[in-house]
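Since each chain comes alone in its own frame, lean on the hints to assemble the complex.
Protein chains in written order, with this note's numbering: chain U, 1 to 113; chain A, 114 to 224.
Think of the hints as simulated: they come from the structure by calculation, not from any bench. Mixed in with the good hints, there may be bad ones.
[Unchecked claim] Some chain U residues near chain A, calculated using beta-carbon distances under 7 Å:
{"#": "1", "residue": "Gly42"}
{"#": "2", "residue": "Leu43"}
{"#": "3", "residue": "Glu101"}
{"#": "4", "residue": "Phe104"}
{"#": "5", "residue": "Pro106"}
If you're wondering where the values come from, they're calculated on a predicted model, not measured in any experiment. Don't be surprised by glycine CBs; every beta carbon is placed ideally from N, CA and C.
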Amino acid sequence: EAQVTQNPRYLITVTGKKLTVTCSQNMNHEYMSWYRQDPGLGLRQIYYSMNVEVTDKGDVPEGYKVSRKEKRNFPLILESPSPNQTSLYFCASAGWPNYNEQFFGPGTRLTVL
Amino acid sequence: TQLLEQSPQFLSIQEGENLTVYCNSSSVFSSLQWYRQEPGEGPVLLVTVVTGGEVKKLKRLTFQFGDARKDSSLHITAAQPGDTGLYLCAGEKDSSYKLIFGSGTRLLVRP
Numbered sequence: 001e002a003q004v005t006q007n008p009r010y011l012i013t014v015t016g017k018k019l020t021v022t023c024s025q026n027m028n029h030e031y032m033s034w035y036r037q038d039p040g041l042g043l044r045q046i047y048y049s050m051n052v053e054v055t056d057k058g059d060v061p062e063g064y065k066v067s068r069k070e071k072r073n074f075p076l077i078l079e080s081p082s083p084n085q086t087s088l089y090f091c092a093s094a095g096w097p098n099y100n101e102q103f104f105g106p107g108t109r110l111t112v113l
Numbered sequence: 114t115q116l117l118e119q120s121p122q123f124l125s126i127q128e129g130e131n132l133t134v135y136c137n138s139s140s141v142f143s144s145l146q147w148y149r150q151e152p153g154e155g156p157v158l159l160v161t162v163v164t165g166g167e168v169k170k171l172k173r174l175t176f177q178f179g180d181a182r183k184d185s186s187l188h189i190t191a192a193q194p195g196d197t198g199l200y201l202c203a204g205e206k207d208s209s210y211k212l213i214f215g216s217g218t219r220l221l222v223r224p
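Just chain A, with the same shape it has in the complex (with noise of 0.2 Å):
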């Protein structure tokens, strides 16, 4: 059972253009991460967000989680050639430890 959903699955952009991914469930998690992989090589963690309705910004990227947990975006602002890879979601729950992941989001900026 997919527990998260990410959307859109595939997304090629021009660089400099805006864009936004979506990570959904219909369960809550006590956590949530946002990882990011290049081909060959492994996920790299981007940013953890805790609390509902949190807010953080990594340079051209913002990421939001949901107020009831249960969701959470990620928006590059003037995305660069370089920002192209795999984007994943990870939802923890019950502070288990246990990591939940979308089935990922891939991104293609072009110059």
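One chain only, chain U, in its complex shape (with noise of 0.2 Å):
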């Protein structure tokens, strides 16, 4: 089945202690995206990889890093994370033409406290 998973699915955290959001595709995509969701803003884009290798900013990536070391992979770091990094967090990826057609894991709750 073509799927996109995300591990844990639920995190709860306290001020500073790192931490890894891991993000997996099988569908040989190279596009994989990391998007944060609050209430009232929708979804906004944390970072994105156009390859392995190949990472770039988003719209929101202050207290955040990824890596591509994999094409299959792309983990969500957070170094010392802050209350203000509580949110929904989603990882997407497509591929090529339709990178504009994204396909969701199902998101991982993040509450730091």
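So, in structure tokens, the structure goes:
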């Protein structure tokens, strides 16, 4: 089954404790992206990647890091989480030529205390 | 800056009624997508419209892209409880593959 998977689905942590949210897709997609969803603000892009070893900032990259060492994986790293990063996070992927038609993972709900 | 405004934000209707959701912007988009999101899940793509004035139908759902490619609408005929969810529009600027999302319309269809 074609899918985007994220882990963990739920995470409660404390300020300053480094964490990683994993994202994996099995569709051989070149394009992958991370979004955060907050009430009233819709989905905002954090980082995206057009291919292995190619990453770029989205609209709200501050406080986040990503890496793309393999085509299928695109982890999101929070080196020092803060309460304003409490949010619902989605990973998405898309394949050429329809990079605008994105497949989303099930989401990771993160709470930073 | 919110480039895409969706209206209404919330809509509660009775099964069988018709409804229209709007997605408006002052910016031109090279394509526009509509997604539906259910609780606990990620958004799922419903349709992509590309050409100004384009109309696409998906069973009881009709999507229209404005002539100037700045706005779009989603019309649902004879809504059913299974249509309940958060509807999101997303515009792609300058064929950049970068999507700008609206804040969504939360639809509740009561049996």
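*Please flag the earlier hints that this structure goes against, numbers listed from lowest up.*
none
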